[in-house]
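Q: In the order they appear, the protein sequences are chains A and B.
Quick note on this note's numbering: the first sequence kicks off at 1 and runs consecutively.
Quick note on this note's numbering: the second sequence kicks off at 1001 and runs consecutively.
The set of hints was computed from the structure by calculation and includes no laboratory data.
All C-beta atoms in this analysis are idealised placements derived from N, C-alpha and C, irrespective of residue type, glycine included.
It cannot be assumed that every hint is accurate.
Stretch by stretch, here's where chain A covers chain B in the computed footprint (C-beta under 8 Å, at least three residues) [said to hold, decoys possible]:
{"hint": "1", "stretch": "1020 to 1033"}
{"hint": "2", "stretch": "1057 to 1069"}
{"hint": "3", "stretch": "1097 to 1105"}
{"hint": "4", "stretch": "1152 to 1162"}
Next come the chains, spelled out residue by residue.
Number of protein chains: 2
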Amino acid sequence: MNEPRIDRRVSRTRRHLRQALMALILENGYDEITIEDITDRADLGRTTFYLHYRDKEALLLESLEATAEELRGQIRLERMQPESSSAGGPIQEVFRHAALNSDLYKIILSGGAASRVLNYVREMLLEAAVEFFGPRLAARRGENVPPVDSFAGYFASALLGYLTWWLDKGMPYGPDEVADLFIRLFFNGAQQYIGEPSRDKAK
Amino acid sequence: MNEPRIDRRVSRTRRHLRQALMALILENGYDEITIEDITDRADLGRTTFYLHYRDKEALLLESLEATAEELRGQIRLERMQPESSSAGGPIQEVFRHAALNSDLYKIILSGGAASRVLNYVREMLLEAAVEFFGPRLAARRGENVPPVDSFAGYFASALLGYLTWWLDKGMPYGPDEVADLFIRLFFNGAQQYIGEPSRDKAK
DNA sequence: AGTATAATGAACAATTCGTTTATTTATTGG
DNA sequence: CCAATAAATAAACGAATTGTTCATTATACT
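All chains should be built: construct the whole structure from the sequences, respecting the hints.
A: Okay, here's the thing in structure tokens:
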């Protein structure tokens, strides 16, 4: 098979652009950055940018896509080796991956990345949640179970939001620890910790 | 008390600007909009904009502030009249308020408003959560209760995210209904609906 | 009615964008 | 190592947008 093998200059240029964008977002936020800022930082001509990407967003999306694929790989892999090493389920895997790539995660989740990028992530997670919980909920049809979309929406929202909160606050608690907190809250609920579900809910 | 009473022209102009911005965001998203788009829509001179606001963001923040204050008022009021009318706790109140002001909520939460605006909302909600849950958690010190910040972070994330999801999907389920779904998931947890907390959690 | 204040339109320099062009430089494959 | 190919470059461009100033006109307040 003839994979065209990418010109060394191309991969080098793209790598530099990606790194420059990420560094700049962490310094000043997404919105402020101009194309020239990026190429200056990457030590490239401004024209060169347009040979590779349509705009800032396209560049960011590339980093995102690559990282998401990596995470999916990790989870698949972890699912293969049933009880290996320090395994702990997909949620631990997510928090660990976020800790390792915290720069990119921060950028996407709260660095003011273009809203389309964030929505893209939301949809990705939502899909995964529907796929994962769908069958389990279906198995209990009739037991006053919430609709799948609502359930998946809640899960995706809670996870994404909690991840954002954790990164925003500078990652207090280690990844496994925070994953554990999340799991306890998501699966067991808050009631156990604070008593009444809500003033009137005990009707 | 001499409140200077605002010139009729000023309040009219500002109102037009606010309305124009919201309409435009709903049509094209936040980023695309130029100052001139806004003043055109509001039928005002471009220069006039700068007599009132520094930039787009300032204008949006004004709408946000006003609406947030309104919501706080509703909740306070609802808290006063213990079991009146169709009361249902602050969470119902939030979803109802969101339904009534869904345009603004959509804009802020997923219309691609400036990230600073969204972060502003996150912090607001986080503060409220700490204040609300802090004492309740403190009362159970020592019972393996999660740290307050983590707990509040989870709550704020879940609520904000779930609200976003609900609005994004075009508000399936009525406000009271969706508030109920949220409360069940948040307080009672997901375990009841899907069984195992997580493959390995039953260690 | 008379004064104060707000809105206006024109004009401005400064940025940024996205593209085109001709030229130089680096990489690949033989 | 050489030649063919592809990539990077700098300069220059028009078009948009921003934020400001200024003189003039319109509107609201008392």
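Q: If you look at each residue in the stretch 1097 to 1105 of chain B, do at least three have a Cβ nearer than 8 Å to any Cβ of chain A?
A: violated (count 0)
Q: Between the stretch 1057 to 1069 of chain B and chain A, see if three or more residues pass the 8 Å beta-carbon test, and mark the coverage as holds or violated.
A: Violated - the stretch 1057 to 1069 of chain B has 0 residues with a Cβ nearer than 8 Å to chain A, which falls short of three.
Q: Are there three or more residues in the stretch 1020 to 1033 of chain B whose C-beta lies closer than 8 Å to some C-beta of chain A?
A: Answer holds; 3 residues pass the 8 Å Cβ test.
Q: According to a criterion of three or more residues whose C-beta lies within less than 8 Å of a C-beta of chain A, is the stretch 1152 to 1162 of chain B covered?
A: holds (count 9)
Hints 2 and 3, counting from the list given before, are not met by this structure.
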